[in-house]
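Trainee: Next come the chains, spelled out residue by residue.
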Amino acid sequence: MKMNSLITKCLFLALICLTSCSDDDEIIVVPKGDYENGLIISGEGSGAGTGSISFVSNDLSESENLIYKKVNNVELGTFLQSIAFDDDSAYIIVDNANTITVVDRYTFEFKNEIIVNLSTPRFMTVVGDKGYVTNWGSTSDDKDDFIAVVDLQTFAVDKTISVGNGPERIIAKDGKLYVSHKGAFTNNNIVSVITISTEEVEEITVKDKPDELFFNDAGDLVVLSEGRTLYDANWNVTGHTLASISTIDVSTLVIDTALDFELGAHPSLMVLDDNTIYYALGNDIFAMDADATVLPGASLLAAEGYLYGMAVGGNRIYATNASFTDVSTLNIYDLASQDKIDTKEIALGASKIYFN
Amino acid sequence: MKNTLFIAVYFISFSCLAQNDSLVNQLDVVLIQADKKLDKHSAGYKVERLNDSVIEKNIESFSNLLRFNAPIYLREYGAGGTSSASFRGTSASNTAVIWNGININSINNGQTGFNSLTVSLFDAIDIRSGGGSLEYGSGAIGGTIHLNDNLEFSSKSQTKNQAIASIGSYETYRGIYKLKVSQNKLAINAGISYNQSENDYPWLGTAFKNTNGAYQNLGINISGAFLISQASKLKLYTANYWGERFFSGELPNPTSANDKYQDLSNRNLLIYTNNQQRFNHEVKLAYLTQEYRYFENKAIEAYNFGSSRQFLINYNVSYALPNLNASISSYSEYESAYGKTDRIDERNRRQFSQSFIYDQNIKGAVFLDAKIRKDFNSDYEVPFTYALGVKAKATQQLFVRANGSKNFRVPTYNDLFWPGQGNLDLKPETASQVEFGVGFKNNQFSIDIGSFFIHAKDKIVWTPSGDPERPGIWVPINISDVKNKGVELVLHYKANFNKHAVQIDLNYSYTEAIDSETNKQVIFVPKHLANLNMGYSYKRFSFFFQQLFNGEVYTTESNSNDFIVPHYFVSNTGLDYRLLNGAKQQLSLGVKVNNLFDTYYVIQPRRPMPNRNFNLNINYKF
Numbered sequence: 001m002k003m004n005s006l007i008t009k010c011l012f013l014a015l016i017c018l019t020s021c022s023d024d025d026e027i028i029v030v031p032k033g034d035y036e037n038g039l040i041i042s043g044e045g046s047g048a049g050t051g052s053i054s055f056v057s058n059d060l061s062e063s064e065n066l067i068y069k070k071v072n073n074v075e076l077g078t079f080l081q082s083i084a085f086d087d088d089s090a091y092i093i094v095d096n097a098n099t100i101t102v103v104d105r106y107t108f109e110f111k112n113e114i115i116v117n118l119s120t121p122r123f124m125t126v127v128g129d130k131g132y133v134t135n136w137g138s139t140s141d142d143k144d145d146f147i148a149v150v151d152l153q154t155f156a157v158d159k160t161i162s163v164g165n166g167p168e169r170i171i172a173k174d175g176k177l178y179v180s181h182k183g184a185f186t187n188n189n190i191v192s193v194i195t196i197s198t199e200e201v202e203e204i205t206v207k208d209k210p211d212e213l214f215f216n217d218a219g220d221l222v223v224l225s226e227g228r229t230l231y232d233a234n235w236n237v238t239g240h241t242l243a244s245i246s247t248i249d250v251s252t253l254v255i256d257t258a259l260d261f262e263l264g265a266h267p268s269l270m271v272l273d274d275n276t277i278y279y280a281l282g283n284d285i286f287a288m289d290a291d292a293t294v295l296p297g298a299s300l301l302a303a304e305g306y307l308y309g310m311a312v313g314g315n316r317i318y319a320t321n322a323s324f325t326d327v328s329t330l331n332i333y334d335l336a337s338q339d340k341i342d343t344k345e346i347a348l349g350a351s352k353i354y355f356n
Numbered sequence: 001m002k003n004t005l006f007i008a009v010y011f012i013s014f015s016c017l018a019q020n021d022s023l024v025n026q027l028d029v030v031l032i033q034a035d036k037k038l039d040k041h042s043a044g045y046k047v048e049r050l051n052d053s054v055i056e057k058n059i060e061s062f063s064n065l066l067r068f069n070a071p072i073y074l075r076e077y078g079a080g081g082t083s084s085a086s087f088r089g090t091s092a093s094n095t096a097v098i099w100n101g102i103n104i105n106s107i108n109n110g111q112t113g114f115n116s117l118t119v120s121l122f123d124a125i126d127i128r129s130g131g132g133s134l135e136y137g138s139g140a141i142g143g144t145i146h147l148n149d150n151l152e153f154s155s156k157s158q159t160k161n162q163a164i165a166s167i168g169s170y171e172t173y174r175g176i177y178k179l180k181v182s183q184n185k186l187a188i189n190a191g192i193s194y195n196q197s198e199n200d201y202p203w204l205g206t207a208f209k210n211t212n213g214a215y216q217n218l219g220i221n222i223s224g225a226f227l228i229s230q231a232s233k234l235k236l237y238t239a240n241y242w243g244e245r246f247f248s249g250e251l252p253n254p255t256s257a258n259d260k261y262q263d264l265s266n267r268n269l270l271i272y273t274n275n276q277q278r279f280n281h282e283v284k285l286a287y288l289t290q291e292y293r294y295f296e297n298k299a300i301e302a303y304n305f306g307s308s309r310q311f312l313i314n315y316n317v318s319y320a321l322p323n324l325n326a327s328i329s330s331y332s333e334y335e336s337a338y339g340k341t342d343r344i345d346e347r348n349r350r351q352f353s354q355s356f357i358y359d360q361n362i363k364g365a366v367f368l369d370a371k372i373r374k375d376f377n378s379d380y381e382v383p384f385t386y387a388l389g390v391k392a393k394a395t396q397q398l399f400v401r402a403n404g405s406k407n408f409r410v411p412t413y414n415d416l417f418w419p420g421q422g423n424l425d426l427k428p429e430t431a432s433q434v435e436f437g438v439g440f441k442n443n444q445f446s447i448d449i450g451s452f453f454i455h456a457k458d459k460i461v462w463t464p465s466g467d468p469e470r471p472g473i474w475v476p477i478n479i480s481d482v483k484n485k486g487v488e489l490v491l492h493y494k495a496n497f498n499k500h501a502v503q504i505d506l507n508y509s510y511t512e513a514i515d516s517e518t519n520k521q522v523i524f525v526p527k528h529l530a531n532l533n534m535g536y537s538y539k540r541f542s543f544f545f546q547q548l549f550n551g552e553v554y555t556t557e558s559n560s561n562d563f564i565v566p567h568y569f570v571s572n573t574g575l576d577y578r579l580l581n582g583a584k585q586q587l588s589l590g591v592k593v594n595n596l597f598d599t600y601y602v603i604q605p606r607r608p609m610p611n612r613n614f615n616l617n618i619n620y621k622f
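Residue numbers (full-length UniProt numbering), protein chains in the order written: chain Y, 1 to 356; chain L, 1 to 622.
Hints listed in this document are in silico derivations from the structure and should not be mistaken for laboratory results.
As the structure is a computational prediction, the values presented were derived from the model and not from experiment.
Where hints are given, some of them may not hold.
As the list claims (entries may be wrong) - Quick partial rundown of chain Y residues pointing at chain L, CB under 7 angstroms, derived from the structure:
1. 46
2. 97
3. 300
4. 302
5. 306
Stated by the list, open to error - No more than 25 angstroms apart at the CA atoms, straight line, and that leaves these computed lysine to any residue pairs for SDA-like:
6. Y:69 with L:207
7. L:494 with L:449
8. Y:69 with L:449
9. L:539 with L:611
Cβ coordinates follow ideal geometry from the N, Cα and C atoms, glycine included.
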């Protein structure tokens, strides 16, 4: 596929060049690679197969699985947790392998890898020429969790910043890192705020199991806490803790609003698009204004199968129906009508969707 | 002498009655076995015996021994790692391992780890293909693997010693010592084995080595038999194992692996037999313990564990009907098992089973076993099971055989009690099967071609969609329905020409295991599986060559070609020279080359298996 499509694209480019030259148009758009202008979907993998990456073009005309393996002829291993991006590169994080594989974000050609000084890496964000990676450390120790600071020139872990148990998502804004602590193999209820220059760590207490977080258009930090299910010594369910969407003023680190879910509801997969918050409760996808003061009553649509990853963009909702024993399915819905537009076969254990 | 002779005659006539191509005994030596069921009640089944000389050729692991010598697919997570075995396209928990007649599959996960057992101390390993729940209980669906200690009474007191030592690539050291004492009324076997290896073989085509793959293990087995009176015997067996392994990493970053695993097992069995003219009584008491400890990080003391204790009491009585050339046997067994893990509080499971077996020999030409069994279990209903086996000799050399049975596998403790996920509503998996075979056997050559059909229902599968109330939570449910069919071929050839001796053994199987829902081949089931062993000896030299072919397997339910483990060929070879070749003392030196052609292969994705490697060994019998 790669060579052929490269040739096709060259020819196409030549054509465009010819036609555009005759049009006296000086702007030439050079394709950056096969995997531009589309979705990058990561699959965690399982005992049934390697973690892998799928590509679906924005016009939905093309889709391709195992793109990293096809380009580089090696597998990524398990479990592919997430991908971080900067202008040129994609950083593929495989937690069990303690590995970050660095590739060209548009060709997926291997560039480098980081295989030392990581310990169950989860998510990464890039600030300047540094990558900041959340690490769970050992299962049996909830005090050894850290943020690895990776030099993106040398691809070495320069130093680590010790943080509370179970750091998960990480985002950056104005010289600070914001980290949700879902709690790894146990539970936690904090968001860490790390000043990059001083490495000072402050903590905000939120509801149990904070996971997705982002900044809304007003510049406030929005955090989804999933809430816990409580068990007795015999692992019978004895109760729940509240789930909540918290909006935090980052200048004061105070929670402005907390929209609590009813007890027993455990929402997940929160994303932001066009200042609208989307989240999932079971298979139901809900939408609400980022400034809303109450949770929506009715869902937008019910996704098919095992809803394990979600993205909203370009007036579409993308939802994965994940399989861990086989290839997964991507369901694509029109945002306005909620009609299903298309489905694609995608990576085994498909979990995260990125726009490339 | 008279006693022994009586027993010898009795035993031989007994095994003739049961009609097996078994045991050639000299009249002054009596072979004592713990488990008579295998020999007595296998009419119509295919039973292959791996004797000590075969076992000694593959002492590096139980996995390798079976892979190169049996019609079984071994799934191994890198050399020395977690390993499971399956017959005829069934699952790993459908293979029962039987130690001296006792089922030793773990009650926690229903399986036996084929790299957490030392088998080099056993005198014989029997492999019976086909369902055996009737005799051996849960998990005996695809087939059973029997680890047997053979004790001997001898009219002339004798003591035999054997020591094997070997040194191999990747700092691999092995040592075995076995003692056998045979007397008129007393027989004792004792053995100790120790293995250790760095196991850090280079991964072909990569810059990596097998990282964190070291292992060491110690096995001590002791057994004894005492002739109390002409009619009664007491037998005692113990097997102890301690092993520590590190779990090697996988590509792309094997250096990330740092987990460690320890196994401990202790197995004890006491048998009293009383054989009268028509009635034979047998009482068995067994106490078995197993424990594993999993260290997620070898540098940290914390670990996860699972442990179990099992008590068994068993009373068997058989009544001979000499006029009919038949016998009726009753087997009653009560078992109480305690299992726990770091996440499951100790649970007790009690089980009682009762079975009846009728053997019939019709004019030395037709042999028939009819069997029924009912289990009563404290946790769930176990279905009534039955089996029928027939072997008929068309001529002295040509035979046909057939068997049919219904078998089961009970849910494991993990299936039932795993916190937040276990499912107490599970019922046992059941499988019905039939098999038909034809064979030919003479002094030099034997061949057996069989075809089988297995229909497994209510197979227990862990799935994230198992509980509609809780999507995304992995729970076990009875869902899968699989039909297996296939053909198996076994061939043995043995010949002597002057001082040249040649031996050829071949296994081939073709297996289709089709999931009824997807209509696709079940994952990790190779369609083609073959192994070949060739031996040649001349005077004091002997040479052997082993070849394995393992067909490609799918790893996804849809049989996606993107996710397969490719087929592989692997060959081993070896040469032995006997320095001493006396009646009392034999000493041989050997060299073995594993993976002769330096083939790159994987059994599990991203886990390359060892490249070409060498082993020097010394085997001294005195």
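Trainee: Holds or violated: is there a CB of chain L closer than 7 angstroms to the CB of residue 306 of chain Y?
Mentor: Because about 6 angstroms separates residue 306 of chain Y from the closest Cβ in chain L, which is inside the 7 angstroms limit, the hint holds.
Trainee: Quick check on residue 46 of chain Y please, does its C-beta sit within 7 angstroms of some C-beta on chain L?
Mentor: At about 9 angstroms, which exceeds the 7 angstroms cut-off, the nearest Cβ of chain L leaves the hint on residue 46 of chain Y violated.
Trainee: For the pair supplied as a hint, residue 69 of chain Y and residue 449 of chain L, confirm whether the alpha-carbon distance does not exceed 25 angstroms.
Mentor: Measuring from Cα to Cα gives roughly 42 angstroms; hence the hint is violated.
Trainee: Does the nearest C-beta of chain L fall within a distance shorter than 7 angstroms of the C-beta of residue 302 of chain Y?
Mentor: violated, 12 angstroms
Trainee: Checking one constraint from the list: CA of residue 539 of chain L to CA of residue 611 of chain L, max 25 angstroms. Satisfied?
Mentor: violated, 32 angstroms
Trainee: Next pair to validate is residue 494 of chain L with residue 449 of chain L; report whether the Cα-Cα distance is within 25 angstroms.
Mentor: holds, 18 angstroms
Trainee: Does the structure keep residue 69 of chain Y and residue 207 of chain L at a Cα separation of 25 angstroms or less?
Mentor: With a Cα-Cα distance of about 18 angstroms, the restraint between residue 69 of chain Y and residue 207 of chain L holds, given a limit of 25 angstroms.
Trainee: Is the interface hint for residue 300 of chain Y satisfied, with its Cβ closer than 7 angstroms to some Cβ of chain L?
Mentor: Cβ of residue 300 of chain Y sits 18 angstroms from chain L, so the hint is violated.
Trainee: How about residue 97 of chain Y: closest beta carbon in chain L under 7 angstroms, or not?
Mentor: holds, 4 angstroms
In this structure, the hints that do not hold are numbers 1, 3, 4, 8, 9, in rising order.
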